[in-house]
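Assemble the whole structure, with the sequences as input and the hints as a guide.
If you want the building blocks of each chain, they are given just below.
2 protein chains.
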Amino acid sequence: MAKATRKQRLTKKVYQARAKQLRARLVQLQVELKQVPFKVLLIIAGPEGAGRGNLLNTLAEWLDPRGVETFSYHPPTESEQVHPLQWRFWRSLPGIGRIGLYAGSWYTETLREEARNKRALAHVAHEAERIRDFERLLADGGTLIVKVWLNLSKEAQGRRLRTLRADPLTAWRVTDEDWHHHRSYKRLGKTARLIRRITDRPGARWHEVEAEDERARDLAVAQLLLAQFRQQQRHFARLRPPVAPAVVEPLRPSGRRRLLALPLDQELAERDYDALREEWLGRLSRAARAAFAAGRSLVFVFEGWDAAGKGGAIRRLTSAVDPRDYSVISVAKPTPEEKHAHYLWRFWRDVPRDGRMAVFDRSWYGRVLVERLEGFCREDEWKRAYGEINAFERELTDHGAIVIKYWLHISHAEQLRRFRERATTPHKRHKLNDEDWRNRRKRAAYEIAVGDMLALTDRPAAPWHLIPADDKRYARIEVLSTAARQIEAALED
Amino acid sequence: MAKATRKQRLTKKVYQARAKQLRARLVQLQVELKQVPFKVLLIIAGPEGAGRGNLLNTLAEWLDPRGVETFSYHPPTESEQVHPLQWRFWRSLPGIGRIGLYAGSWYTETLREEARNKRALAHVAHEAERIRDFERLLADGGTLIVKVWLNLSKEAQGRRLRTLRADPLTAWRVTDEDWHHHRSYKRLGKTARLIRRITDRPGARWHEVEAEDERARDLAVAQLLLAQFRQQQRHFARLRPPVAPAVVEPLRPSGRRRLLALPLDQELAERDYDALREEWLGRLSRAARAAFAAGRSLVFVFEGWDAAGKGGAIRRLTSAVDPRDYSVISVAKPTPEEKHAHYLWRFWRDVPRDGRMAVFDRSWYGRVLVERLEGFCREDEWKRAYGEINAFERELTDHGAIVIKYWLHISHAEQLRRFRERATTPHKRHKLNDEDWRNRRKRAAYEIAVGDMLALTDRPAAPWHLIPADDKRYARIEVLSTAARQIEAALED
Chain A
150 MAKATRKQRL
160 TKKVYQARAK
170 QLRARLVQLQ
180 VELKQVPFKV
190 LLIIAGPEGA
200 GRGNLLNTLA
210 EWLDPRGVET
220 FSYHPPTESE
230 QVHPLQWRFW
240 RSLPGIGRIG
250 LYAGSWYTET
260 LREEARNKRA
270 LAHVAHEAER
280 IRDFERLLAD
290 GGTLIVKVWL
300 NLSKEAQGRR
310 LRTLRADPLT
320 AWRVTDEDWH
330 HHRSYKRLGK
340 TARLIRRITD
350 RPGARWHEVE
360 AEDERARDLA
370 VAQLLLAQFR
380 QQQRHFARLR
390 PPVAPAVVEP
400 LRPSGRRRLL
410 ALPLDQELAE
420 RDYDALREEW
430 LGRLSRAARA
440 AFAAGRSLVF
450 VFEGWDAAGK
460 GGAIRRLTSA
470 VDPRDYSVIS
480 VAKPTPEEKH
490 AHYLWRFWRD
500 VPRDGRMAVF
510 DRSWYGRVLV
520 ERLEGFCRED
530 EWKRAYGEIN
540 AFERELTDHG
550 AIVIKYWLHI
560 SHAEQLRRFR
570 ERATTPHKRH
580 KLNDEDWRNR
590 RKRAAYEIAV
600 GDMLALTDRP
610 AAPWHLIPAD
620 DKRYARIEVL
630 STAARQIEAA
640 LED
Chain B
150 MAKATRKQRL
160 TKKVYQARAK
170 QLRARLVQLQ
180 VELKQVPFKV
190 LLIIAGPEGA
200 GRGNLLNTLA
210 EWLDPRGVET
220 FSYHPPTESE
230 QVHPLQWRFW
240 RSLPGIGRIG
250 LYAGSWYTET
260 LREEARNKRA
270 LAHVAHEAER
280 IRDFERLLAD
290 GGTLIVKVWL
300 NLSKEAQGRR
310 LRTLRADPLT
320 AWRVTDEDWH
330 HHRSYKRLGK
340 TARLIRRITD
350 RPGARWHEVE
360 AEDERARDLA
370 VAQLLLAQFR
380 QQQRHFARLR
390 PPVAPAVVEP
400 LRPSGRRRLL
410 ALPLDQELAE
420 RDYDALREEW
430 LGRLSRAARA
440 AFAAGRSLVF
450 VFEGWDAAGK
460 GGAIRRLTSA
470 VDPRDYSVIS
480 VAKPTPEEKH
490 AHYLWRFWRD
500 VPRDGRMAVF
510 DRSWYGRVLV
520 ERLEGFCRED
530 EWKRAYGEIN
540 AFERELTDHG
550 AIVIKYWLHI
560 SHAEQLRRFR
570 ERATTPHKRH
580 KLNDEDWRNR
590 RKRAAYEIAV
600 GDMLALTDRP
610 AAPWHLIPAD
620 DKRYARIEVL
630 STAARQIEAA
640 LED
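Sequence order for the protein chains is A and B. Numbering follows the numbering used here, with no gaps: position 269 of the first sequence is 418. Numbering follows the numbering used here, with no gaps: position 155 of the second sequence is 304.
FYI, nobody ran anything at the bench for these hints, they're computed from the structure. There could be a bad hint or two in this list.
Repeated chains share a single entry, so a pair holds when one copy, or any two copies, can fit it.
To be verified - Using 30 Å as the maximum straight-line C-alpha spacing, the simulated DSS-like pairs for lysine-lysine come out as follows: (1) 488 <-> 580; (2) 162 <-> 580; (3) 303 <-> 183; (4) 577 <-> 169.
This is the structure we're talking about:
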């Protein structure tokens, strides 16, 4: 862990002179922040009495407030409880070109809970590992995370609390919980060290700052923020922009083999279809209601070739469910705001609450498909995405969501037939655009990317269903029946 | 109320031919919707069994799903309960260029509640009036609201429910509540007519559609949507773009007189300031905590001349409150997304939940200040805004929020002194820009606009405090003491 320790007491005069310089540099930082492609998160943590609030007030005073967002964490609200843990963190990230100041953070609840009821350190370590993974995701995505731990001795903490209590104006700030923390100083310190050790990683380092001299503390944190920002700027200046690959090499050839081995000649007669549809819709409807009643959410992912019939399959699927219980998310090109955010950010926004269902018409897998092949992200980015996506889906399934993923597969010839049909049918014409033809020309490259996706993100808790879709009726029954079966199996576990 | 009644049964063949034409036109509508400056809301309501869900599924099939958002309303969540009623409605509006389809809507809860417990019609009427006001606000802002009431006779409803119940696949859809609705057909119909009568207003008309023939129903709604869209398009084509006024005439000269009569020569010595600050901070801190404990939220609005000291006053104010309980919202120029939305939309997003505090550094009053004077909106728009703002603040205060508004007033000479100081101090330089100088040159016009604002939006429940701010110490004490007093008074009521 980096140390930025200062021992000497600063005089007011020296402090004011240094603060004046720092303020000009901080505001300059904010001007430049609007030009760089990354966000800045400043997390302040430390024992009670270390002055987290005062420090943040000072920083807020030094910075241009229009470029700052302050976050703090209360105990989770009801809508936070019915979503996976990370959901609330993703919702409290600063906007483009802004600094996020965190009075509380993802560390707050973990530390607070531990203070209230002594927990097994193994449990705390597990929580810390989840935080580490979340921060790694942000840091890998380019976010600068500066984490400050304010050091304060037990004696100094006692003095602070007594001073606050003695003043009628500030006495209310000192709660019983604070005194409890004070008495448990040693134990909490040990826990905090464990958490810091686990979460001190490249891109999200902890910096210890001595908090006894308030002036020195404020200056040290401001200087640290400036230094880290410059370092991140240099890092980004060295990065080369992504390019579309000239040759697409598979990471896992087995995935592509699995895709191409799928028989596409299955068919279903209209009469058989009607009977099977009734049967499976009923079973799916019962399974979905049982899942909702158990507080489980359903997350459907539809990927597939253009014109593979995703829309039609989705409409049959949703007809089994009360319209108030589901939403369909059609994933289009990212908006400017979404482009500046982590690629998973916009999907977190649509993660359903417990007992509801979300259907993604295209999804986060765009990262390893179109973004990989069109050079919308760097090679290290899409290569990292398989693990990130697995971790994302694990957050969902660990929370109780049932994640059901489809690849709708059609032959190159059938796709051409459907494209031509679209081109000549007025109300279907809007479904066909230049990008569809571009993607069609890249079929061979896409087969490799799809294969890698299937091989690298097919996990028992979030499996891929490959659906032969040259025959629409057959495909729709396959979608309904695999959905019903996966939900039934998940509820039996 | 407009009628789009159809009695004859449609054959499947005729239906399919008409549907094909309508689909092409609907998709064309969606293409054009991306070019027009308004949003489209389609609200479907009607008795159980009228097929709201089926109708929406059909429309969703006909439209390009990428341009559609479907909304439905569950009973309010905890986070919705701790905000004013309108908060959840504002959060469920479609994005730019999209159609919002409402399976449930703001009508759902009102109708559902009435069905459960027979309520006094006066209460229902009151709810309907609030909905009417909300819709008027949206419609005045240019949103096209198409409201469809599906007509279904009691006999037809009974047949539908029995058919659904007989089929194992759909039996689950028929709940005890539905049968209860069926038995109360007459009473609920009367209530629904009352609600429709109250909420049938220009810009948000109800259209009755016969629902017994499902095919005719779907076609009628699609045609209605198309016709309404064309009408709105023509309306917008006739509108002339806003222009900055050549001469600014006061609406209420008394407001400007009140502003200019404010004595600016008050001063406070540093020693007096320190004592008064301690006293008022303590009193404010106690009052704020009492408000939070009572589940009341605090909404502060800071308006004033450039360089009047809003930032400094806000920092003193917030130092009385736990950082986890407040947020400061610095209102900058709207983002592209915000520009396309109703001007109040972005402020609703930041309305605090019960027991929290929000401080707006500039606010919705920009509509009647900078937007009026710079011609960012039309004359009818800013003239309407006074009433809209009063209604908005009334939503807040009716829900229990305490709304405290300041105008920080400095002389033209003092402003010049502060501008010059900013220009020569490195860490203050970013606070001064060309717009500040532009606004300064328009002082006379702004005095008129500020005067109108004070005269037209000063209500007992949300009063304006005029703060003489040439002396910063005096101004800060005034801010603290008026805040403490207003909160204390509000809690006594």
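Here is how each hint holds up against the structure:
Taking identical chains as interchangeable, the C-alpha atoms of residue 488 and residue 580 lie at most 30 Å apart whether they share a chain (24 Å) or sit on different chains (29 Å). Only between protomers do residue 162 and residue 580 lie at most 30 Å apart by alpha-carbon distance; the minimum there is 24 Å, versus 69 Å within a single protomer. For the homomeric pair residue 303 and residue 183, neither the shortest alpha-carbon distance inside one copy (41 Å) nor that between copies (62 Å) is at most 30 Å. Taking CA atoms no more than 30 Å apart as the test, residue 577 paired with residue 169 passes between copies only; the shortest distance there is 10 Å, against 64 Å inside one copy.
Consistency note: the structure conflicts with earlier hint 3 alone.
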